[in-house]
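K.L.:
So the protein sequences, as listed, match chains A and B. Taking my numbering, I'd label the letters of the first sequence as residues 1 to 161. Taking my numbering, I'd label the letters of the second sequence as residues 1 to 161.
Simulated from the structure, these hints should not be mistaken for laboratory data. Possibly wrong hints are sitting among the right ones.
No distinction is drawn between identical chains; accordingly, a pair holds when it is met within one copy or between any pair of copies.
Said to hold, decoys possible - With a Cα cut of at most 20 angstroms, we get these calculated SDA-like pairs of lysine to any residue:
{"#": "1", "residue 1": "LYS50", "residue 2": "VAL77"}
{"#": "2", "residue 1": "LYS146", "residue 2": "PRO90"}
{"#": "3", "residue 1": "LYS146", "residue 2": "ASP93"}
{"#": "4", "residue 1": "LYS146", "residue 2": "GLY19"}
{"#": "5", "residue 1": "LYS146", "residue 2": "LEU98"}
{"#": "6", "residue 1": "LYS50", "residue 2": "ALA88"}
{"#": "7", "residue 1": "LYS122", "residue 2": "GLY59"}
{"#": "8", "residue 1": "LYS146", "residue 2": "LEU131"}
{"#": "9", "residue 1": "LYS122", "residue 2": "LEU98"}
There are 2 protein chains.
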Amino acid sequence: MAETIRGEPGRWFEDYPVGAVYAGGSLPVSEQDILDFARRYDPQPMHVDKAAAEAGDFGGLIASGWHTAALMMQVLVAYFVPRPGNLASPGIDELRWLRPVRPGDRLSLRATVQSARRSHSKPGQGVVVSLVEVLNQNGNVVMSLKPVSLMRCRSASAGEK
Amino acid sequence: MAETIRGEPGRWFEDYPVGAVYAGGSLPVSEQDILDFARRYDPQPMHVDKAAAEAGDFGGLIASGWHTAALMMQVLVAYFVPRPGNLASPGIDELRWLRPVRPGDRLSLRATVQSARRSHSKPGQGVVVSLVEVLNQNGNVVMSLKPVSLMRCRSASAGEK
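The following block holds chain A by itself, in its conformation from the complex (with noise of 0.2 angstroms):
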């Protein structure tokens, strides 16, 4: 059976099975992103200077990979994050980097649910591991984590759906 692939956010943790798969996105990063970012928050020669990162190990200009990460944060909010029934996420497992994000890539998401379990100590609330992926436009993964979400369940929310 061919999976089905959700184009936009759920609402509430039953949204989120295992084996569910959200996916979406074509965000641009511009070489101007990229020295924006990362001259306020990683201002490293890789990310910041276009000469010194063209004698470097990489070839060039690459993204400070925690802009890489707020960038797969919105297009997360996009298609991923449950609204109404999202409440935070206490953390995030195995963060990979694993390509080179370049100025001129387009990056998409591929989110797919883990493992999902109501609280035990939080009843109307339920967990969720996702397999989060962030692709360029090559279709190869670039950055790889496992972030935990903690959400509110739809049968706890009286009068919504």
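Following the hints, put chain B in place on chain A, whose structure we already have.
P.N.:
Relative to the frame of chain A, chain B by itself:
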């Protein structure tokens, strides 16, 4: 024996033995910073909508976790990342957002080396795993993570100290 806290980055892999502690920073977080970052990268109500945030679970506006991560990187570059020995980071394990970051907070860094080994596959390089903690002005840890850092070895850098 009291531990030595280093207030500036090292240069090469050899400067990051197990147990070394790097610390510093007092980075202010303004409401405007929180709004600016979140409007672009993480436009959820608790980060961008003061009224909704005040009525919500956190009782007020809080920084996007990715904003806290970006601010962490700013302090990490200032106080921990080796110059010129830094190569790259393949990833992060166990990122945890432990407490909200709010307007008016000041963030500082404490990074403790947990493991340090020479690379088997790449002579002249080493792999450092550290526990990075971001603290607020009250000394509470707001975020922790375990980055993996690839660094050049001094012994492979002829003529440099």
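K.L.:
Confirm or reject each hint.
P.N.:
Evaluated hints:
1. LYS50 with VAL77: between (31 angstroms within a copy, 18 angstroms between copies)
2. LYS146 with PRO90: Answer is both; intra-copy 12 angstroms and inter-copy 15 angstroms each pass.
3. LYS146 with ASP93: Classified as both: same-chain Cα gap 5 angstroms, cross-chain 10 angstroms, threshold 20 angstroms.
4. LYS146 with GLY19: This pair counts as within: shortest intra-copy Cα distance 14 angstroms, inter-copy 28 angstroms.
5. LYS146 with LEU98: Close inside one copy (14 angstroms) and across copies (17 angstroms); limit 20 angstroms.
6. LYS50 with ALA88: Answer is between: at 17 angstroms across copies they meet the 20 angstroms cutoff, but 37 angstroms inside does not.
7. LYS122 with GLY59: The answer is between: 19 angstroms across copies meets 20 angstroms, while 50 angstroms in one copy does not.
8. LYS146 with LEU131: Answer is both; intra-copy 5 angstroms and inter-copy 19 angstroms each pass.
9. LYS122 with LEU98: Between. Shortest inter-copy distance 18 angstroms satisfies the 20 angstroms Cα cut-off; intra-copy 36 angstroms does not.
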